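Undergrad: As a plain string of letters, each chain reads:
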Amino acid sequence: MSPIYLYSLISMGGIAALLAAGLGYASHHFQVEQDPRVGKVEDVLPGANCGACGYAGCEAFAEAVVNGEAPVGGCPVGGDNVSTDIADIMGKDSESSDKVIAELICGGGIKETKKEGKYRGIQTCKAAHQVNGGEKVCQYSCLGFGDCESVCPFDAIEMGENGLPIINPDKCTGCGKCIEECPRNILLLAPYEAKTHIRCSSHNTGKVVRKTCEVGCIACGLCAKACPVDAIEIKDNLAVIDYDKCTGCGKCSEVCPTGTIDFDGQIIEKVEINDNCVGCTLCAKACPVDAIEGELKVQHEIIQDKCIQCGKCYEACNVSAVDLFYKENQ
Amino acid sequence: MGEFSQIVLLFISTVLVNNFILVRFLGICPFLGVSKQIETAFSMGLATTFVMTLTAAATWLINTFILEAFNLPFLRYVAFIIVIASLVQFVEMFIKKTSPVLYKALGIFLPLITTNCAIMGLALLIPLNGYSFIASVVFGFGAGVGFTLAIVLMAGLRENLEFGDVPQALKGVPITLIIAGILALSFMGFAGMISV
Chain U
1 MSPIYLYSLI
11 SMGGIAALLA
21 AGLGYASHHF
31 QVEQDPRVGK
41 VEDVLPGANC
51 GACGYAGCEA
61 FAEAVVNGEA
71 PVGGCPVGGD
81 NVSTDIADIM
91 GKDSESSDKV
101 IAELICGGGI
111 KETKKEGKYR
121 GIQTCKAAHQ
131 VNGGEKVCQY
141 SCLGFGDCES
151 VCPFDAIEMG
161 ENGLPIINPD
171 KCTGCGKCIE
181 ECPRNILLLA
191 PYEAKTHIRC
201 SSHNTGKVVR
211 KTCEVGCIAC
221 GLCAKACPVD
231 AIEIKDNLAV
241 IDYDKCTGCG
251 KCSEVCPTGT
261 IDFDGQIIEK
271 VEINDNCVGC
281 TLCAKACPVD
291 AIEGELKVQH
301 EIIQDKCIQC
311 GKCYEACNVS
321 AVDLFYKENQ
Chain P
1001 MGEFSQIVLL
1011 FISTVLVNNF
1021 ILVRFLGICP
1031 FLGVSKQIET
1041 AFSMGLATTF
1051 VMTLTAAATW
1061 LINTFILEAF
1071 NLPFLRYVAF
1081 IIVIASLVQF
1091 VEMFIKKTSP
1101 VLYKALGIFL
1111 PLITTNCAIM
1121 GLALLIPLNG
1131 YSFIASVVFG
1141 FGAGVGFTLA
1151 IVLMAGLREN
1161 LEFGDVPQAL
1171 KGVPITLIIA
1181 GILALSFMGF
1191 AGMISV
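Chain order of the listed sequences is U and P.
Here the first sequence is numbered in this note's numbering, starting from 1 and rising by one per residue.
Here the second sequence is numbered in this note's numbering, starting from 1001 and rising by one per residue.
Only chain U is shown next, with the shape it has when bound in the complex (with noise of 0.2 Å):
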């Protein structure tokens, strides 16, 4: 062999075997120690540094988590498993991260609106939007060209055959990146809990509202006034909810002559407490409207004419001693 190829060998060689041996010696050497509770947090994250939580990235908030800084329920994308497999790492109870998801409030789809003319522009929802409002009579109705189904990150939202995009609430994370993508403001985030969503952001009056859409909220006020909790408020022509004091009852949805009101639940009769009550009070605290009565560690009872039949004590019941009685063929 000539020389050459063997002086190469050995200088390269010996350059490499140098080199790695320093620098496994100072991986080794100059680890910085770092909670080891920061990498498991990484690893559940899922990883997409979006930036949701407030922190820079994935490994800032695992850090901020780790530190304390930051809740273990402080992911919004991950949802309620990443936050309690956080809480395992943490040894600490998960407390819910109040998912919220994106929901349309619109309910004009092709079928219930009026259209004047053609739009043949841009097949963009902000195109429309900025030549002259699309197909739809209605200025606050969804334009329909799925802007939202392509800005969405996690394929959450596809659109409808009605024109409409159906929102996947289960693969939704609440990013947020449709509502600002939407020309039209039609879109906001919600509880993913909330069963009632008022679908129409039409300002217009109520005669308006009957000539260009099917299901427009005309602002007759009838869901305020039946909404136990004052949950609903008629602003601007519009009734509005307030989803931090909505109970999900659905007693607006029965009164809304239009059928804007979409309620995805069932809507309870009458609610009764049995002899499972141990008198914990949990149910008489979680009662919006202070129906329930009764000493600790004596049955409870409903108060019948103050109860509105939102369901909240059964939910906070920890031994079953709340029925609810659904009405029936809804």
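In short, the hints are calculated from the structure, not lab data.
The structure presented is a predicted model; accordingly, all values stated were derived computationally and were not measured.
Glycine included, each C-beta is placed from N, C-alpha and C at the ideal position.
No false leads were mixed into what you were given.
Okay, derived cross-link-like pairs now, BS3-like style, lysine-lysine, Cα gap no bigger than 25 Å in a straight line:
id, chain 1, residue 1, chain 2, residue 2
1, U, 115, U, 211
2, U, 40, P, 1096
3, U, 327, U, 225
4, U, 126, P, 1171
5, P, 1097, U, 40
One side only, chain P facing chain U, incomplete, derived with CB under 10 Å:
id, residue
6, 1075
7, 1086
8, 1093
9, 1094
10, 1097
11, 1098
In silico negatives: residues of chain P with every beta carbon more than 10 Å from chain U:
id, residue
12, 1029
13, 1124
14, 1135
15, 1164
16, 1177
17, 1183
18, 1186
Place chain P on chain U using the hints.
TA: Here is chain P on its own, set in the frame of chain U:
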């Protein structure tokens, strides 16, 4: 001319006359990529200066005592690449351990410049020019300072450009390239000032 004044002249000529970015057109990638804000541009410049000085020293040693001693100049590219890459890795770990503050300031930039052509160019220019060890280190340091100067100037210009009324067609990259060209043109003015 004494040796010291030679070194000073070499430094000035590397910073201004033969500026790595604006005259040699090396390291254009970070020059355009990390020059949106003066602050980050300066951090990038610091990290580059640091790596360049180290590279100059390390590659001179490797070149003189191994490659030239065994008459293997064709191995320069390979040898320099692995040396520079491992050196930067090593320094990164060292800084992370010893100075978290410095690591926060330079940390993210260090891996970015490891494989930059300005660094490689520097390593290859040293044996080409036949510098001594001290001259090489000064050359590396000067190249880093020149890089910092150019990138900070560029960042300052681009920051002001944010408020400028740029024609629609030139917004973004085009105007940046035009500015880079004008900046390079102005640096041409230094040509012939010193010849080392």
